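J.: Chain by chain, the residues:
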Amino acid sequence: MSKVNDQVLMDKLAEAARAGKISRRSFMNYSMAAGMTASAATGLWGTSAKAAPTRGGTLRLGAHDGNTSDSHDPGTYVTFSMIQTAHTYRSYLTLIESDGSLGPDIATEWSATPDAAEWTFKINPKASFHSGGKVTANDVIASMNHHRGDASTSAAKALLADVVDLVDNGDNSVTFKLAAGNADLPWLMTDYHLAIIPANADGSANWQSGDGSGPYKMVNANFGIGYSLVRHDGWHLEGAYFDAVDITVLNDPNAMQAALVTGDIDCATQLDLKTLSLLERHPDIEIDNVPSAAAITMPMLCDTAPFDNVDVRNALKLSVDRNELIEKIAYGKATVGNDFHHSPAMPYWPDDIPQREYDPEQAKALLQKAGAEGLTVDLSVADSVFSGAVDMCVLFAEHAKASGITINVIREPNDGYYSDVWLKKPWCAVQWGARPTPDVMYSLAYKDDAAWNESRWQNERFNVLLRQAKSELDDTKRAGMYHEMAMLARDDGGTVIPFFPNFVYARNKKVRHGPNLAASWQMDGARACSRWWFEA
Amino acid sequence: MGDIAKLIGKRLGLGLVILLIISIIIFFMVELLPGDVAQAVLGQGATPENLAAMRKQMGLDQPAVVRYFGWLAGALTLDFGNSIVTGKAVMSIIGERFMNTLFLASYAAVIAVPISIILGVIVALLRNSIFDRVANVVTLTSISSPEFFLAYILILYFSIKWGMFPSNAKISDGMSFADLLWRTFLPALTLVLVVVAHMMRMTRASIIALLASPYIEMARLKGTPPWKVIVKHALPNAWAPIINVVALNLAYLITGVVLVEVVFVYPGIGQALVDAVSKRDFPVVQASCLIFAATYILLNLAADVGAILTNPRLRHPK
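Chains as they are written, first to last, in our numbering: chain P, 1 to 536; chain V, 1001 to 1318.
Among the hints, erroneous ones may be present.
Claimed, not checked - Cβ-to-Cβ under 8 Å is the rule here; a few derived chain P residues that face chain V:
hint, residue
1, T136
2, N138
3, A255
To be verified - In silico lysine-lysine, PhoX-like type, Cα no more than 25 Å apart, as pairs:
hint, chain 1, residue 1, chain 2, residue 2
4, P, K364, P, K333
5, P, K509, V, K1161
6, V, K1161, P, K157
7, P, K274, V, K1161
8, P, K157, V, K1088
9, V, K1161, P, K510
10, P, K157, P, K126
11, P, K157, P, K509
Keep in mind the hints are simulated off the structure, nothing from the lab.
Model, not experiment: these values are computed from the prediction.
The beta carbon of each residue, even a glycine, is placed where N, CA and C say it ideally should be.
If we strip away everything but chain V, and leave its shape as in the complex, we get (with noise of 0.2 Å):
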């Protein structure tokens, strides 16, 4: 056990440097937008003293490199600073949609992964059945759709045609879990359709693979039942690939939602960010993308510490 210690603390290194690499690149990228931040706060009718002494309360006047380390520091912290429109601490701005983003997330993955992997199972058991393939035709067809049509597909019927669930995900904080399962069932459905074919084809597509292997042959001229051919000696197998397959996924559903957020009026973190764009609020931007960008990490560290546990040759290498 010693041994995955060591790894999951090397790969956990590995990943902070990356995502010191990354905090680099977005930083400066941020710097790198068109535009005077002090000029879009101030409007038009701002007088050269205006925005010199707002650059300076800013705190623009020092160098990039300066406010990169003070900004990395305060990050440590999980302190983000202050929002350059509001004034108020960029923490308190996104942590709460952060939240609500992680909520819908999970909301969406706790159906989602279950459903795509006993449904690989099934499609894998019954490949080349009309069963088969009615579930890669409706799959497919809902990945290759655009999410946010998806959406409006699922609002006419739902919402407006049969009046089952709200079109717009408004949440407060008064609600009861059940209430904000159903508000929010329509967004996570569309997350659903989104990312179900992906996790189930890769989990047809692995079992079948080792079909075709000689352990697997043996089991069956043992005349072990097909399901359990598949679910006992397949499945673990074919673990590595569906793992990593579910963690890209999941990592999908945190930083892929914007156009959901925006469909379904739902307050996540996507929505705060197009907003902060859009009004050059730097520091908001900035925080945003560093969360997007340790969930990404985080994810995939799970994802290969995860492929590594399934596989004894990884666990226990030569």
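With the rest of the complex left out, here is chain P (with noise of 0.2 Å):
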């Protein structure tokens, strides 16, 4: 039985179940006939088939990544935890739902004029803010200026560089004028630095009394150690069915662990991955295992010796075994790179390039034509780069003897590697959070006068299909486009990318979320608190 079939059968039978027509018993049968095992027949009768939220109780949440210095201004807005909150108690003008599409946040619906250089986004007239006022069109733009200007230090004036102006319709809507088309705008619009607060009668954002619109009120904020928040009654959208949230960060992957496991905590945001195994056993905890946008890259300088050289490249790329790097080093929990920015956790993904395999032979022959045999290199690395960075160069040195190359592993200090060693050293290994478009990643990275174009390749047919398809509105041209840049990237590119790491996080059973979860962050696009429920 295909894929699609055994998807649409569970579909089916999830249907069934929620109309009650079906029992138990032949619910399990029919999963499992499917291809299903029992325990993930299970796990799918508890959490999707007989899904139907119940309000109540408070989410016990342990984060990770959290700091001292994490603050309400969302232009710093930086760890995973401050992220996490962020979607809690503010909202944004659009979202990325469960199935990974877009929809409505503060915005109810947005269009934009042939060119997408300008686009309108309706405010939902619901929305309200915490203290108590309406969400209005200077609120939204108070938000927006935020983070423009020359005055700003926010991390994501260079998300807004092409707005040149922000337009109070008057009729509880806004319009970005933008210096260029983009397609991408409202996609954009999701960024966790954009969220939404209330403007000063000066027109300043006022981000200090830690006030937004979102799904929880900030109850008591304790940075970098925990929040408090209850439920915001009259929240705009569907959800927010636990009656109060508790954040609490736990930097260290050994306490949270242990707090999940005794039960301090209901979810965790990210679990150790040695571990991992252990825990799955543990009757109390289900594990989520989502393919995320998340990009682990190996940018070779495209403009420095022997990089300058496509064969060259290609012939590195050809000898690593990605499928045994995932295994060893991403203990099975990512999803296999082909060499181009694009994970299928994005829209547009191509589907039907051909993955690109370790072949010692065909990068010998390779490095043959380029006049490079028994080539030696040096890779840099650290190990902040992600947790076994440098044990994935090492088998990358090890798979490449196959191919009469020898790879270096340098292992660079933690501190600045950032500032030292990417962008300067000819290879290294670097790690990417999820970006939400094609366009933003490849803007931001591949593109030939980007500031962080991390492999200086500069590839002209690419950088044209780049800005044709960043203003492009028909979906199906603009899927065309980003199939032939990933060609691009793929034969041509200087960045080897071995994979995308997938995003793993647990939760006590009782805890429930709908059948799809969202693949911009860890807990449902860090929207849990506000999608999933207790199980009643």
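Mind docking these for me? Both chains are given alone in their own frames, and the hints should help you get the complex.
T.: Shown next as structure tokens:
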């Protein structure tokens, strides 16, 4: 039976179960006939089939990555615990739904002029701040201006660089005027920095108070330690099933795991992969393993010998056994990469591009063609890139021996890796966070004049396509362009992409969620607090 | 008694001089850390003008010596300036956290000090018995294991297997005192295990050393029971070294708990210091280090004074 048919069958089964048409026993029988394991079927019966969200309870969530220097200023959001919290007490113009599509948050609908250079967002009249007032066009403009202008130190400044003007249309809608067409603008509005905050009388944004219009109201914020929130009655969207949310920052993976196992928290936002197989055996804990758009890249500087020769670049791309890296470094919790920075969790993903396999023979032939047999190269890496980064490079070096390539793995200091090694050393390993669309990713790190063009790759056709696709509103044409760009990056580009790490997080099994999980962040796109619920 | 006041005054003055020297070292060591603060705060997208403006705003355009005296003047009034990352007053960031650390340290000390001294006396009394050996082996094992390892073992048994105590010591304002003690029991116990051995063995050693003295022999010949020989005759003369070790361990409880705080997610000053270093938040780093240094100096001072007070020969020098 094909995968698609299985999915259809499972959806039908789940629907029947929801409607109460079949018993648990027959549900299990049918599901197992459809190729599911008993435990998966049990999980599905619990999580999705009988999915009728119930209200109530306090969700205790353990969040990784927090720092005392976190703050209410959306321009400085940087740690995951703050991003998770931001999606709980603040809202955005748009959001990424659990199924990965773009959906409404503060904006109920949006439309563009045909050149995609002007976008108008209508504001939900029901949206209100915790302090009382309605969310107005004025607040939206102040929130965006917080990241714009010369004085802004916001990390989202570059994201809004193309915005020339913001206009309050007077009918509860805001128009963004752009310097050049950008079909992705509604996707950009999901960026975690672009939270909607109330405007001051002088048009600046009042972020200091911690006010927001999200599903939960901040009661107590202890930055880097924890946050307690209660439901915002009258939130403008469906959800917010928990009465209250209690977020605890747990930076130490062992502390996180212990808290989850002892029932001190209901959800853990990230798990240590090394001990995951042990945790999987725990009867009360469910693990969510979600393919993400985060990526591990290994950029080679295309203007530096020997990487200025495309055959050398491709020989290196052929000299790594990605499946073994995934199995040994990511403990199987990753999606294989194909040397273009566009993950299956992003829109417009081209699914028919042949997977590059480990092929030392072909690599040898390419090296011979390039006159570079017995190549020796340095590969810079640090422990802090991600857990297992150095091991990954050592394993790569072992694989490359079969192609006659000697890779010297150079262990760089953690401190200052991204200022002294990345963009400077000819070949290094890098971790990228998830970006919502291929345009954002390619513009950031593959465009010819991008400051972060990490492989210094210059390909005329790629850049022409990138500019065209950016303002193309026709989805089919756009997908075609991203397909061609993926092929160019794969066969000419300077970046080895071994894999896209999955998001792996866990919850007590009394916490339930819908059939899909958004892949933009851990915890259902950081929106678990408003989307999940306790089993009744 | 006038002599003692003079002595304490002298010691305090000396402590201040040491603190001043330490403040110079802290300030200029932090200056030596690689990396530009303005760059660290503004991120990689910052333009040179941005950076210059930020440096000016932070006062980094002035020479280090000028900034040092400005900082020192502030520190004397407990005003350590503002965090350069969040803009909040440094005292508001570390004040409450230092209190948390002090609480945990006192909790551990209240358990550890009596236990180790009593144990020390008992093992001195029963020296070379099975009890003595077992106590030594157990405490030496616990002091020889890294704190985080002890912490994980305690979590494994006390919270995961037996579910008696929580594995994370998250404390909040509205908690009752009993709740607070229960929540922070495991980190306190970890610290107790780490410091007991040192204090207990010092008590034992100094008492045993005295047991060979003629006046102890005399007491024994009088027919004084062994426990009384130790408690009444040996212990008073053993106080000086014991107090020194106790003070050293108390200082350790305050300044050496970073790992324990991380493992138990306890919001103490150690965690704040680690956060600040990674963010290059120099005012917070400097203030934390200075507080640690002052704690060490004060406790050592207390130990010196304590040792002098318990020793008549030192109290009345010829």
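J.: Given a cut of 8 Å on the nearest C-beta pair, is the interface hint for T136 of chain P held or broken against chain V?
T.: violated (28 Å)
J.: Does the alpha-carbon distance linking K1161 of chain V and K510 of chain P stay inside the 25 Å limit?
T.: Given pair K1161 of chain V, K510 of chain P holds - Cα atoms ~21 Å apart, limit 25 Å.
J.: Using the nearest Cβ pair, does N138 of chain P come within less than 8 Å of chain V?
T.: violated (26 Å)
J.: Between the alpha carbons of K364 of chain P and K333 of chain P, is the straight-line distance 25 Å or under?
T.: Violated - the C-alpha atoms of K333 of chain P and K364 of chain P are around 31 Å apart, more than 25 Å.
J.: Hint A255 of chain P vs chain V: min CB-CB distance below 8 Å?
T.: Holds, because the Cβ-Cβ distance from A255 of chain P to chain V comes to roughly 5 Å (cut-off 8 Å).
J.: CA of K157 of chain P to CA of K509 of chain P, is that 25 Å or under?
T.: violated (41 Å)
J.: Taking 25 Å as the top limit, are the C-alpha atoms of K509 of chain P and K1161 of chain V close enough?
T.: Distance ~20 Å between K509 of chain P and K1161 of chain V Cα, so the pair holds.
J.: Taking only the CA atoms, is the gap from K274 of chain P to K1161 of chain V under or equal to 25 Å?
T.: Distance ~21 Å between K274 of chain P and K1161 of chain V Cα, so the pair holds.
J.: Please work out if K1161 of chain V and K157 of chain P have their alpha carbons no farther apart than 25 Å.
T.: Distance ~50 Å between K1161 of chain V and K157 of chain P Cα, so the pair is violated.
J.: Is K157 of chain P within 25 Å of K1088 of chain V, Cα to Cα?
T.: Judged against 25 Å, a Cα distance of about 23 Å means the pair holds.
J.: Taking 25 Å as the top limit, are the C-alpha atoms of K157 of chain P and K126 of chain P close enough?
T.: Not satisfied, since the Cα-Cα distance of roughly 29 Å exceeds 25 Å.
Comparing the model with each numbered hint stated earlier shows that hints 1, 2, 4, 6, 10, 11 do not hold.
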